[in-house]
Every structure is written in C-alpha cells, then in structure tokens.
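Colleague: With the hints as extra help, turn the sequences into a complete structure.
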Amino acid sequence: MSVFTGWRAALRIAGRDAMRAKGRSALVVAMIAVPVLGVTALDVTFRSMTETTAEKLTSQMGSADALFADQQMGPLEQMPDGEMFQQTDPDAPVSQPPPPVDVTTTFPKGSRAISIQSVPASVTTEYGIANTDVYEFRTSDGMARGKTDLVRGSYPHGTGEMAATELFLEETGLSVGSTTTVRNYGAKFKITGVIEQPDDLKSRALFADPGAVIAPWKAKADHDKKVLPPNTTPKEWLVKGPDGVGVTWPDVMKANKSGVLVTSRQVALDPPPDSEVPLLKKTERPDWGSSGDWSPALLTVVSMAVLEIVLLAGPAFAVGARRSRRQLGLLGTCGGDRRHVRAVVLGGGLVLGGVGAVTGVVLGVGLTVAFRPMLENWAGHRFGSLVIPPTELLLIAAIGLVTGLLAAFAPAVVASRQSILESLTGRRGVRRSSRVLPVVGACVLALGCAAAVYGATSGDETLVAGGSVVAELGMLGCIPVVVGLLGRLGRRLPLSPRMALRDAARNRGRTAPAVAAVMAAVAGSVAIATYMSSKATEHEYEYTPSLAQGTIAVMSNGDGSAERLPLARAAVERNMTVSGGHADFKRVWAGSDCNVYYEEENGCGTLQLVKPTGEGHTCPLKGKGARELAARLSADEHKKLMNSPACLGEGMSSQAFPAGEDQILVADANMLSTYVKLDDPAAADALAAGTPVLLNPAYAKDGEVTLTAVHKYNDRDKENRKQHPGKARTTTDRLKVYVAPAKYAATPGVRLILPQKTADRLGLHTQPAGSVYAVSQPPSNAEQQRIDGALEQAGGGFWLQTDSGPGQDENTLLLVLTLFAGVVTLGAAAITTGLAKAEAEADLTTLSAIGAPPGVRRTLTGFQCLVVALTGVVLGTITGLVPAVALRLVDLREALAAMRADPMESAYTPIVLPWSTLAVLVVGVPLLAGALAAAITRSRQSLARRAG
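Position 593 of the sequence shown, counted from 1, bears residue number 593 in this note's numbering, the numbering being contiguous throughout.
I should point out that these hints are in silico values taken from the structure, not numbers from a laboratory. Nothing here was measured: the structure is a model prediction, and the numbers come from that model. Hints are not guaranteed to be accurate.
In silico DSS-like pairs for lysine-lysine, Cα to Cα no more than 30 angstroms straight-line [as the list claims (entries may be wrong)]:
| # | residue 1 | residue 2 |
| --- | --- | --- |
| 1 | 701 | 624 |
| 2 | 190 | 202 |
| 3 | 56 | 109 |
| 4 | 202 | 225 |
| 5 | 282 | 257 |
| 6 | 757 | 622 |
| 7 | 640 | 701 |
| 8 | 743 | 718 |
| 9 | 639 | 743 |
| 10 | 736 | 677 |
| 11 | 639 | 701 |
| 12 | 226 | 56 |
| 13 | 757 | 611 |
| 14 | 56 | 202 |
| 15 | 622 | 722 |
| 16 | 226 | 281 |
| 17 | 611 | 718 |
| 18 | 727 | 611 |
| 19 | 736 | 640 |
| 20 | 56 | 235 |
| 21 | 722 | 701 |
| 22 | 225 | 677 |
| 23 | 611 | 535 |
| 24 | 639 | 611 |
| 25 | 535 | 202 |
| 26 | 757 | 722 |
| 27 | 202 | 226 |
| 28 | 235 | 218 |
| 29 | 535 | 639 |
| 30 | 235 | 190 |
| 31 | 701 | 757 |
| 32 | 677 | 535 |
| 33 | 624 | 639 |
| 34 | 254 | 226 |
Distance ranges between label pairs, derived from CB positions [claimed, not checked]:
| # | residue 1 | residue 2 | range |
| --- | --- | --- | --- |
| 35 | 539 | 54 | 35 to 43 angstroms |
| 36 | 726 | 612 | 25 to 33 angstroms |
| 37 | 492 | 931 | 22 to 30 angstroms |
| 38 | 710 | 457 | 49 to 57 angstroms |
| 39 | 539 | 454 | 21 to 29 angstroms |
| 40 | 38 | 454 | 33 to 41 angstroms |
For glycine and all other residues, C-beta sits at the position ideal for the given N, C-alpha and C.
Modeller: Structure, rendered in structure tokens:
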C-alpha cells in the first residue's frame, strides 16, 4: 500500500468518525473557524480601508485631473505627488507674504475648473446655535464626484440653498427642508440635501455654491461695521485638463514658478524620472516606510492565537481518539502499525481543520461585506473598494489547517502508543504524569520573569515583551502540577465539588489545556487592561482642568455685556438643569483695564499677589539646586512636592476665569460653597467682614498676603485719567486673610477671593464677569446649542465655559477586553465540561444506579466548569500582571529621567489594577460558567447497562 493510499484510507476513516460524532466535530470546526473568521475579516477590512494612491487622489480631488493651490510663498519646487515642496531658493529672505497669485492663469489651456473655499460660521439650529465650517464648492459638478457624494435630497443651487453632512444634521436637529441662518451676516438658507465626504464621514459641515456665502458676507461687512468680515481659507481649484492630455509634469512645473502647488493625478500615478524632478537634486526622496511588513509583535499575536486554538481543540481530539480506541485497536489487529493509527487521528485534524479553515474564510469575507457600512462608519471613511487578497486568504486558511493538525498531533502520538489489548478491552491502564515538563516549565517561568524584570530595570520594552511571553509559556508547563494539586483540596468538600476537583486532577490531559487556554486569554486581557488603567490614571493626574469638577460658568466678554448678565444667567437656568444655586464673580484690576488698553507697551495697570520666599513658600523644584534635589527624589516624593502649595501654579495652571495670572477674583461666600466646595462658616464670615480668602497657603506669611498694584492710567482712558492725573503710582498692601486648608490650593483658576469692600478700599476697579453653577454633568450638544442661542438672544457677548474632564476613551477598550476574556473563558470551560461529561457517562450512570440524588449530576457538571474557569482565570490574572508591571517600570524609568532633566516634569507613574475588570473575570465569569453548565444539564438520565 502506497503512502497516498494509506492516507486516503485514514482520511476516509477520519471523515466517517467526524460525521458520527457531529457535535464534537462541530465544536472543533467552530474553534478553528472562529479565529480564522476574525483574522480574515480583519485582513479584508484592513486592506479595504488602506487606500491606494488612485483612491487617495479621488478623495482629494474627486474626478478632476489636478488640485491647484496657492501656497503664498513665491516660486517653489515639489515632488511629483505634491506631498513635499519648498521654495525654489530656500535662502531667499521672506519679509512678508508675496501678493496673491491669480491661480486661474496657471491652468493648462483648454482646462475647466471649480473652486473650493471654506469659512467658519455661526448658524442657527433646531436647538439654538452652533459653529461649523461652510464650504463654497459646487457639489453638483461632475468633478466633485468622489470628493463629495449626494446621499439624499438634491444638490444646492443658487444663493439660498445649502447641503449638510449627516452628522451635522444629527447634532443640530435639522433635516432636509429645514432652514438655517448664517448669523454672522443674517442670510437664510434652505437645506436641500445630505452630502457625504467619503474620506471624512465624521465631518460636520455645510456646502453652498461659490458666491452664495462669502461674497455677500464681505459685501455686508464693507457697509456694516458691526459685521465682522469672513475669515476664509485660501481658495483651491479642482482642474480638468484638456481632453486626452490632463495635467502633465511640465504643466506642474510651470505652475510652481508662480508659487502654485499642484497635485496631478496623471503625474502621481505615472511620475517622471528622478532626473526631471528639480527638488530631488537638492534633497532625497522621503521614505515613509512600509506598513505591510510583519512586525515581531504581529507574529507573536498570531503564534499565541494558534497556541490558543491548539489548547482548546486538543482535548476534543484526545476524547475522540479515546472513544474510537476500539476501532483503532481493530486497525492494529488487521496489520496496521503505529503510523496508521497516527494517520487516522491526524486525518481527523486535517479534515476538521480544512473544513474550519474554509468555513472561517468564507464567513469572514461574507460578514465583512454584510457589515461594511458599519465598519466604514467606525473607521470614519468609505472603503476605496472591497479588497479580497487571495494570497493572504490562502495563507490564513493554511494556518487554520495547520492548527487543526497541531491540535491532533499530541492525541495522535498518545493513541499510537496504546497497546492493542488496552484498546480492545477499553482499559486505560495506569499513566504517570510527566515529571520533566513541570521542571522545565518552572525553569522557563523563572527565566521569563527574570528577563522581564531585567528589561524593566534597563528600559528595554522588547525584552519585557519577550520575557513575558516566555514566562507565560513556562506557566503552561506548570499547569499539570497545579491541576494535580487541585485534587487534594477536595478532601473535606461536599460530594459534587470533591468529585469535580478529583476528576480535573485525574484527567489532566483534558483539564490542563483548557485551563491553559483560559489563562492565556485572561493574561493578555489583564496585562492590557492593567497597563491602560495605569495610563488613564496617569493622564488624569496630568490633566489641567479649566473648572472645578461638577461646575460650569457663563462668562462675559466685558465689552458692555456685563450689564446683561442677569439675562445670561436666565438663559443658562432655563436650558439646563443646575443642581444648586449660582455664584457671581467679578474681575478686578488696577489702573486702566489691560483688556481694553493693551496696544501700547505699559499702557495699563497691574495687580500682583506677591509670593513670599523661604521654606513653605518657594518651590524647591525651581531655581538653584532644583536638579540636584530632583536627582535624589523618588517618583512619590516628587509627586508630593509637586502637589504642595508652594509648587502648585508654578507650572501649567488654569486660566478659565478672567482673573489674570495671579488668579484674583472678587466674589462673596456663594463662590466658596458653589465652586471651591469650602463649607466653613469661618471663611464665609471672613468674606462678609471684608477679609479676603486665600486658597493657597504658600502665598501667606503670618496670616497675611502682599498685594502690589501699579495704578497706571492710559491717556485714552479719559474718564479714569481725569480722576487720576499725574504719574503712575505703586501701592503695596499687607492684608489679613483667611487661609484655607492646603487641599484647596489646587482649585482651578482661583487663588485669592477678594470682598468687594476690600477692593474698593484698595482703589481697585471691578466689573461683573460671570456666574458659576453647580451641575451633575456637562451639557449635551443640544443643551449647549440651546444655551448658546439663548445667550445670543440676551444680547451676545457671553460664552459658556465647561470642562468635560480628561476623557474616558479607555473604557470601551476595557469592556472589549473583558468580553473577549470572558467569552474565551466560558468557551474553554464549556468545552472541557462537555468533554468531561461525555467521558464520564459511565461514572454518572453508576452514581445514579447506587442511589445518588438527581441533583448531583447537575451540580457536578457545574463544579467541573467552575474549576476550569476559576483556575484559568486566577492563573491568567497572576501571569498578566507580570508584563503590565514590567512595562510600567520601564515608563517609570523614562519618567524619572525626564523629571531629573526638568524638575517640574511629572514623574508620576502609577500601577493601577482594573478592579472592575478583575472582579468580572475572577468572580463573575467563573460563577456564570458554573451556573450555565448546571442549568443546561439534565438532573435525570435513563439507566443503561454499564459495559465492561
């Protein structure tokens, strides 16, 4: 019998076995198909999202031949693709921008062109008002296809129509047929259709024909001084060259001489020789790198994914081989040797792996096509085309096929070593666990941990990643020992958990791979989640808030709007729910107002809060000796110093309030309760009595602060100048203050609160500047638009200041990681429990025969699932912390180096455990796995005669 004949028979036997055990076969096919499906979908999506040069040009210039743009820098030279350019003479002095170029004179003869120009504008919405960009671009022209496309409705035509993007309509409450007003000059427009920019689906913009917005806006601004002229972007042109010619490289170089940058489709797709590109004679062609190379990280991910499938599918093949051991024994009695037994089991891996690979690839492509709109919206741009790379899909399918073979390899070797007598009688014999594997695993684990620790201390992230993978592989080798120890824990437990633990220990070949699979999935998720949680905490610490948490503020521009503040407050209170009262505040200054008289040098007064020197006042991280001190500090010691009152405000600080650099406001006790959250009657009494409240104790000495004011009045400030003739005078006042506890020094935007009577006594000027409100959450888009609209109705000159915090982008990824680890855990536990149940039918029949309660069968299944899930999750959590901690130590090393170079740089590098994720994985998922397994297991079974 030839080799191919033997394999043909083995594959035929394997195929029949797969059809006989449909449930187990479907399970293996699913385990192989699901990862192949995911990788296929990812590959097709990535390739489709990656635009080719032609697709990039289409999104940039539509169906035109070229894009012309005046760079306002004089004659220039460019690369053929237009990505890089510079002045023809880089050393030529440019004292001022050259005069604008009439770009239309640089077009090739016989060309046709349409212009693109945008302007920021304020428009009315269904809720109020919003700011957006208005594009003057003839979207109905054929050259616009590919750059803008009509989704529904009709293109705008003439001066009274506009089209909008979908996201703009969603956020503003408008729709096709609605009317919006460009408030900047009062023109009304009807929205006729929805326009889509294929390269930017998240765009919030309006589109009108050229001349519909900018020209009438300029005309009104010329005649009405209250209307500000439009702040337009430079005009660009889409150009269609002469038929059959296009825009050639000589046309591009001719336009370059006039200072016009040209991106030509023809030149970009078929560039000229390097000898004809003048810029290449002065500089090298930029190398942007290649995104198609397989990085070590990607190879590691693929390898771990294959290992995951092998660990999950291996026990299924082992049980299949064990249930077919009589058939394999008969094969031996008919003259088959170990090679033929191995071939039959490996044939099962080949058959099921092939079916799983093909199924995964077909479903991956199909699901990508089905969910293409959703993927495009998530990516923010349309696919250039659906790319199905046959070579890569064949490689993915081959990996799936090889994975099936690898999963069947160990069971095939074990089955081939069984004696014919054991196979025919069904006896398994006594098998000792390998004593070498745990020792090797422990050594590899120690080696991986040592490599990760060394990488962390030396700052080598590659060594950290490699050491972590090695440590995880070492832990895999130790799992059989851990599983074996589980049996000893059940001595004093009730029947069901005791049997579950002993069954797991007795069948390590089935339990250990599933535990390892759970461990591998959970380890990766815990590592990423821990690192992300730590980074999020670090970013939150470094974030500089503009307002105190849970507050918003309505601010006045100061140019006559201060008198209308009651109307502005009413606008906020009518359109948003506030959780408390409001606190009014005033800005304070000395001499002439610098907000008005800022044009002349030293043309206005100053007001300064003088900071004393010495310990407790001077920040030791600034000035002489700061670097020497920083070199001796740990990250925690440095953080403590940075958060001390002496150092707060020395670096970056909030300037949300019109309080100047010294952050001095005039307010009453409501400011303390609403914004500062200082609920101390003594502080409120101090303000009422005319005593200022100081929030940063570093500025106080012996309970007093020093205020230095320069009362300089500008000659143009006629009213105040008349009252204060003569030279500028400087005053220095020592004021008794209420010193707030040190924790209030971090209050954003406020350092000293002056009572009105104290400001008057010091000869300072004040003006109402706004109000602060306590809120439970920041305003939504609709609320913001309503408030903005109401503020404009109140006369304008106001804006709403909010602070939404550092952002929570990490929460979505943490949820995805938790779901991934949970699904793998549930799947692995379910697979192992199903295999254990199928293998232990005889034992369960015996339990029923001797009178065991019906619930024992259900609780035993539940505890079997719980054991696998809980063991894998706990080991995975411990293993996952190793790379996360090591990478954070690398970050700490870099942060300390940066801090010692600049002592005011933060070195805070926390290690924060994602407790919610860990709680779900360590407690929730195992309990859910056990409960589901128990729930779907029948308590009773029909008695059967036990064979053997």
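Colleague: If a hint holds in the structure, say so; if it does not, say that too.
Modeller: Hints versus structure:
no.: 1; hint: 701 x 624; result: 22 angstroms, holds
no.: 2; hint: 190 x 202; result: 22 angstroms, holds
no.: 3; hint: 56 x 109; result: 26 angstroms, holds
no.: 4; hint: 202 x 225; result: 36 angstroms, violated
no.: 5; hint: 282 x 257; result: 17 angstroms, holds
no.: 6; hint: 757 x 622; result: 36 angstroms, violated
no.: 7; hint: 640 x 701; result: 22 angstroms, holds
no.: 8; hint: 743 x 718; result: 44 angstroms, violated
no.: 9; hint: 639 x 743; result: 14 angstroms, holds
no.: 10; hint: 736 x 677; result: 22 angstroms, holds
no.: 11; hint: 639 x 701; result: 24 angstroms, holds
no.: 12; hint: 226 x 56; result: 43 angstroms, violated
no.: 13; hint: 757 x 611; result: 23 angstroms, holds
no.: 14; hint: 56 x 202; result: 17 angstroms, holds
no.: 15; hint: 622 x 722; result: 43 angstroms, violated
no.: 16; hint: 226 x 281; result: 53 angstroms, violated
no.: 17; hint: 611 x 718; result: 33 angstroms, violated
no.: 18; hint: 727 x 611; result: 27 angstroms, holds
no.: 19; hint: 736 x 640; result: 28 angstroms, holds
no.: 20; hint: 56 x 235; result: 20 angstroms, holds
no.: 21; hint: 722 x 701; result: 37 angstroms, violated
no.: 22; hint: 225 x 677; result: 45 angstroms, violated
no.: 23; hint: 611 x 535; result: 34 angstroms, violated
no.: 24; hint: 639 x 611; result: 22 angstroms, holds
no.: 25; hint: 535 x 202; result: 27 angstroms, holds
no.: 26; hint: 757 x 722; result: 23 angstroms, holds
no.: 27; hint: 202 x 226; result: 34 angstroms, violated
no.: 28; hint: 235 x 218; result: 15 angstroms, holds
no.: 29; hint: 535 x 639; result: 16 angstroms, holds
no.: 30; hint: 235 x 190; result: 24 angstroms, holds
no.: 31; hint: 701 x 757; result: 23 angstroms, holds
no.: 32; hint: 677 x 535; result: 28 angstroms, holds
no.: 33; hint: 624 x 639; result: 19 angstroms, holds
no.: 34; hint: 254 x 226; result: 43 angstroms, violated
no.: 35; hint: 539 x 54: 35 to 43 angstroms; result: 39 angstroms, holds
no.: 36; hint: 726 x 612: 25 to 33 angstroms; result: 31 angstroms, holds
no.: 37; hint: 492 x 931: 22 to 30 angstroms; result: 24 angstroms, holds
no.: 38; hint: 710 x 457: 49 to 57 angstroms; result: 54 angstroms, holds
no.: 39; hint: 539 x 454: 21 to 29 angstroms; result: 28 angstroms, holds
no.: 40; hint: 38 x 454: 33 to 41 angstroms; result: 34 angstroms, holds
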